[in-house]
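Protein chains: 4
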Amino acid sequence: MFSFMNKKHLYPALALVALGLTAGIATRSSAARQSVGVSPWGPKDEIGRLNLMTPDSRERVLKRLSGGAVYDLSVEYFIGMPSWQAAGDPPYQMWMTHTPHGDHVADSMRVGSEKSSHVSYSGAAISMYTHMGTHIDALNHFGLDGKIYNGFAAAEHLGDRGWKVTGAEKIPPIVARGVLIDLPRAKGVPMLPDGYRVTRQDLQAALARQHTSLQRGDVVLVRTGRMQVYENAQAYMKNPPGMGLEAAKFLVEEGGAMIVGADNLSFEAFPSELEGNYVPVHTYLLAQQGVPILELVQLEELARDSVYEFAFLGGSLKLRGSDAAPIRPLALPLR
Amino acid sequence: MFSFMNKKHLYPALALVALGLTAGIATRSSAARQSVGVSPWGPKDEIGRLNLMTPDSRERVLKRLSGGAVYDLSVEYFIGMPSWQAAGDPPYQMWMTHTPHGDHVADSMRVGSEKSSHVSYSGAAISMYTHMGTHIDALNHFGLDGKIYNGFAAAEHLGDRGWKVTGAEKIPPIVARGVLIDLPRAKGVPMLPDGYRVTRQDLQAALARQHTSLQRGDVVLVRTGRMQVYENAQAYMKNPPGMGLEAAKFLVEEGGAMIVGADNLSFEAFPSELEGNYVPVHTYLLAQQGVPILELVQLEELARDSVYEFAFLGGSLKLRGSDAAPIRPLALPLR
Amino acid sequence: MFSFMNKKHLYPALALVALGLTAGIATRSSAARQSVGVSPWGPKDEIGRLNLMTPDSRERVLKRLSGGAVYDLSVEYFIGMPSWQAAGDPPYQMWMTHTPHGDHVADSMRVGSEKSSHVSYSGAAISMYTHMGTHIDALNHFGLDGKIYNGFAAAEHLGDRGWKVTGAEKIPPIVARGVLIDLPRAKGVPMLPDGYRVTRQDLQAALARQHTSLQRGDVVLVRTGRMQVYENAQAYMKNPPGMGLEAAKFLVEEGGAMIVGADNLSFEAFPSELEGNYVPVHTYLLAQQGVPILELVQLEELARDSVYEFAFLGGSLKLRGSDAAPIRPLALPLR
Amino acid sequence: MFSFMNKKHLYPALALVALGLTAGIATRSSAARQSVGVSPWGPKDEIGRLNLMTPDSRERVLKRLSGGAVYDLSVEYFIGMPSWQAAGDPPYQMWMTHTPHGDHVADSMRVGSEKSSHVSYSGAAISMYTHMGTHIDALNHFGLDGKIYNGFAAAEHLGDRGWKVTGAEKIPPIVARGVLIDLPRAKGVPMLPDGYRVTRQDLQAALARQHTSLQRGDVVLVRTGRMQVYENAQAYMKNPPGMGLEAAKFLVEEGGAMIVGADNLSFEAFPSELEGNYVPVHTYLLAQQGVPILELVQLEELARDSVYEFAFLGGSLKLRGSDAAPIRPLALPLR
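In the order they appear, the protein sequences are chains A, B, C and D.
Counting along the first sequence from 1, when you hit position 136 you're at 135 in numbering that gives the first Met the number 0, and nothing is skipped either side.
Counting along the second sequence from 1, when you hit position 206 you're at 205 in numbering that gives the first Met the number 0, and nothing is skipped either side.
Counting along the third sequence from 1, when you hit position 101 you're at 100 in numbering that gives the first Met the number 0, and nothing is skipped either side.
Counting along the fourth sequence from 1, when you hit position 159 you're at 158 in numbering that gives the first Met the number 0, and nothing is skipped either side.
Watch out, some of these pointers could steer you wrong.
Identical chains blur together in the list; that is why a pair holds if it fits in one copy or across any two.
Claimed, not checked - Only pairs whose alpha carbons sit at most 20 angstroms apart, straight line, appear in this in silico SDA-like list of lysine to any residue:
(1) K237 / Q84
(2) K163 / P42
(3) K146 / E252
(4) K62 / R334
(5) K163 / N231
(6) K163 / S116
(7) K146 / G111
(8) K248 / A68
(9) K62 / P332
(10) K169 / E230
(11) K237 / E253
(12) K146 / K163
(13) K248 / E300
(14) K146 / E230
(15) K169 / M80
(16) K62 / E274
It should be emphasised that the hints constitute simulated quantities derived from the structure, not laboratory data.
All of these numbers come straight from a predicted model, not from anything done at the bench.
Here chain A stands alone, though its shape is the one from the complex:
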């Protein structure tokens, strides 16, 4: 049913077999035996399944572009925005370093009273945890037993200012087929319920309803509907729905996804289904399969217009050594 079975999408062929084996081993393991994946793209590989993106794959999607509509898949950053602070991470901050009048009083440019009064300078600074707003997780975000995807050890590659490998700056520009899986629409509800754990069947049913097939190399975005309450941080963050482990496996191993994402805070459902691992979907995707995760993706407009297939274009900020980076992706309709 899915393109995973369609050999023409299997590229590179050898890699696929290896990936399948890796995945198989990983997912059959008990928690105690979980270990990070080995990249089929070689021991130096730092980007995992983003290797599925090639000039050919990009051309295939770009040649199908249709019309001039553009969908903005990102949310706004503002003080008080949703952010995960339970483990002490900083909330979003934005402050003015220059304002027209304040800069005139301070004369920070040392140009004197007349010029500082005539020229009205505004400047702002920000600080944030990298997992805020619409963003992509780099492969180093979660690992197992001190190692990350492809066996890179923190003890060797993690300095005080970030990872020397697999940092967000290694994530290439993304141009790929995007797919929206609209779960609330399929279930006939405005939003998935609090704490709902999405199953493989949920995804299959929604895809069938939409008449959408997944293809190898897709950016697959799952809508839970949570984004409707994004402006209310407490409502957005409290006990969100998310993916179960089997759902994530379905997207990658059967669907062939290159990147997965959703409109909620953390993609996966909590609490963990797996003994001994508090974020099993993250470690499965990032550390075992080499699949980056998009979080807090704005999917409401795509859903409103029933756009289930599109070109996904975007570039995440190249934050050297970082475990994630903000991104403002665009969706362009296909014919």
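With chain A's structure known, arrange chains B, C and D on it following the hints.
Just chains B, C and D now, kept in the frame of chain A:
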């Protein structure tokens, strides 16, 4: 010679006339009489010439896409990167809030020793001035006499956490024709000299050499060659070449540019050519013409491959109320 | 009963009269007519009642020191500590910029692997709102109608990086008689109830029970008992008890306090008693009377040992232009 | 000549012997054999020589207080202040989160236009490396081979948010005899020359000239004169004079210092005298001897008034887990 003369690109026609008048008034004025521009798109307009972007304009460029190549126009963020700190603005900082071993010792997730040892959590935070790395200036960045483009007054619209109008979150996704003007190539030098002030003639000569015409609504990116020394912050920042005021006027008033940009730190050349204004190119573009500015754009690869015309695609971070935002734009070749 | 009546403490005499008048005017005014106080120490005065501190006043208290006991009046700073974030202010953050192993991997000192392995470097950075932990409010923290104490106008004296007058760097080292007023002890409760508004009578009764008299120039610290739950930020911050306006006036106008303080988050009780002013105790103390406020003072040990009178010694950080600064004051017993 | 020889100051006697041995071992070792010191105060000790401070030691100094003069030993914090950024640490930042007018526009308190206009709210936030301005280094700041003073291992005790042992919050209030050693005065120069490495003989000569003796438990502050150019960060920081290793050993092992400090950026002279260790004075003091270091101490006024002996009083901020903390110490003259 340029599309400014080509009426079919003039859209909306009325706006053009108004823009021309506005520009005329502004540029004939002495410094003492400089004042902000009035938007031809109405008193509520917050995005200036970005209004030139329409479904039609986007479709025109998208239908000309050719092949699967993609150019990454952004630089990396790293500690020690170039940044303008002379007026006290903060340099880029990135730090780890979670590391595999450190999080195990701290047990920030309160999962106990076994789980915190098995799951290897990496998390980072950043802080930065918004004018670092590849970024776009919003229209509020520079104004005149306490007002910004379209007459919005700081006293009324600027709160402690940013502008209530024209903030970076108002900048739409950008899909437009992009043009590279390669000045070093035209002049037969590897890089423009220190402090060089680019003239109208420089731009015209380079366009002629490239056989490139500007069109209304373009994103026009000027290469000075400075990006070759980006990794060395002191070399990159010291006395850079930049645009003169007439060069900027040429791009907008004759070339019809929607957005202008360059590969240097501040687009314009210093010191100012205009008595009483220390950043006349910025105030001309942002405050008088409503033209956003892209700075620190990575243009080396486009230049290497002689790609002078392309689709420019990108979305800047939607930092509410901000005067600028990082962006990682992509360039896709056209046929 | 209180030293306010004892003329020998009135210094300078002229100032007192002026202060009394100022206070009288201010407190008889309706909310609509509230305005900032004029300093009896002259139009250039930036420290208000801290002028009461003189070599003589310091000598008087220092010569009464007794023994070698020392009380630490400050709390710890830690991630998750109580902090007022409802208006978007940043919580306390602390992060490592250097760790022994991480610095070895990063070699931030560029000394090579051997040296970076031998020398184990730890370094941390912090960020915080200035009103966190034990701190003192500078007089500019709250004003009225755009002015602060002594008539300094924000429009003239407030630059983007702080006040040019009355900043925390102007606060001198504090050496003065300190007095603890232990309200829970007087009331026979472990802690004042949630939201309790302290009255003039409460203070008088507690002072009587303690056999303590206030003297002109005192640092008066009021114990509510809240500090017992400081480590639990939610418990500490939720609906705290605080001073009513009459209680504050009593301390200053009858008691003669130079500085007032308490062990709670914001000194005053909320909601406001005064129409049109959401922080009337703050504006009364800071803007009208020129009295700095100490908040989050650790008073449990003094209370445990029934030390109601002591030498208060401390220096707040000299944060130029700031509206507050952290301080770790010491209390030394007197004979 | 020095109090080290005066047995009545040796307390506890047993500890001294142990300290001597520790020091002896450490300083006779080659670089390759350097290791951290073992505390004579037991395996749980986290404060090293601060244990020398007792009720008796405090009483001895407090009973000698004379008069009401107070010296402020700290510098101001301001944007552009001296700070060591060569290894990527953040400079001092201070910004406004609330200003009277900006808060009125933003209405961050949600009190409406009238109240936000009447009440004028100023609030600031800061961020800084902990080694800026007048500060004290905690014992964990520098260790050897992954361990700090008293053998605590980073692998076991250092979490992502700081050390679980020996953090700045463990530093007690400091009340001790302070001694100023005025080197420029002794040498008849306004300031020690750039890069000058202070010797044991320099200290001895200056003490003799001053007729000052060191005593066990002193806070010994060495003046180089650099503080005269503190406001000019580049002048202050460039190639400063500092202590040589033998000078540091003299202060501790012969002088009996509890804390050492100076008016320069880093106390010690660079480059290192010791093969294989780029900060041998820091590791000697902090990691081997358990002696905290005060840096950037303002000593100009003490020197001006020839105050060589005084009561040193101060409390550093209790930054949990930190390797240093700001302090604003006071010096009070003794009789």
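Results for each hint:
When the C-alpha separation of K237 and Q84 is checked against a cutoff of 20 angstroms, the pair qualifies both within a copy, at 12 angstroms, and between copies, at 19 angstroms. For a Cα distance limit of 20 angstroms, the shortest separation of K163 from P42 inside one copy, 15 angstroms, qualifies, whereas the shortest one across copies, 37 angstroms, does not. For a Cα distance limit of 20 angstroms, the shortest separation of K146 from E252 qualifies neither inside one copy, at 22 angstroms, nor across copies, at 46 angstroms. Both within a single protomer and between protomers do K62 and R334 lie at most 20 angstroms apart by alpha-carbon distance, with minima of 9 angstroms and 12 angstroms respectively.
In this assembly of identical chains, K163 and N231 lie within 20 angstroms of each other by CA distance solely across copies; the values are 19 angstroms between and 37 angstroms within a copy. In this assembly of identical chains, the alpha carbons of K163 and S116 lie at most 20 angstroms apart only when taken from different copies (18 angstroms versus 46 angstroms within one copy). For a Cα distance limit of 20 angstroms, the shortest separation of K146 from G111 across copies, 19 angstroms, qualifies, whereas the shortest one inside one copy, 56 angstroms, does not. With identical chains, the CA atoms of K248 and A68 are never at most 20 angstroms apart, being 32 angstroms at best within one copy and 31 angstroms at best between copies.
Taking the shortest Cα distances, K62 and P332 sit within 20 angstroms of each other both inside one copy (11 angstroms) and across copies (12 angstroms). Taking the closest pair of Cα atoms, K169 and E230 come within 20 angstroms of each other only across two copies (16 angstroms); inside a single copy the shortest separation is 31 angstroms, beyond that limit. Within a single copy, K237 and E253 get their C-alpha atoms no closer than 31 angstroms, and across copies no closer than 50 angstroms, so neither meets the 20 angstroms cut-off. With identical chains, the CA atoms of K146 and K163 are at most 20 angstroms apart within one copy only, with a shortest distance of 13 angstroms there and 25 angstroms across copies.
Neither within a single protomer nor between protomers do K248 and E300 lie at most 20 angstroms apart by alpha-carbon distance, with minima of 27 angstroms and 38 angstroms respectively. For a Cα distance limit of 20 angstroms, the shortest separation of K146 from E230 qualifies neither inside one copy, at 36 angstroms, nor across copies, at 29 angstroms. Taking identical chains as interchangeable, the C-alpha atoms of K169 and M80 lie at most 20 angstroms apart only when they sit on different chains, with a minimum of 17 angstroms there against 27 angstroms within one chain. With identical chains, the CA atoms of K62 and E274 are never at most 20 angstroms apart, being 46 angstroms at best within one copy and 52 angstroms at best between copies.
Checked against the numbered hints above, the structure breaks hints 3, 8, 11, 13, 14 and 16 and satisfies the rest.
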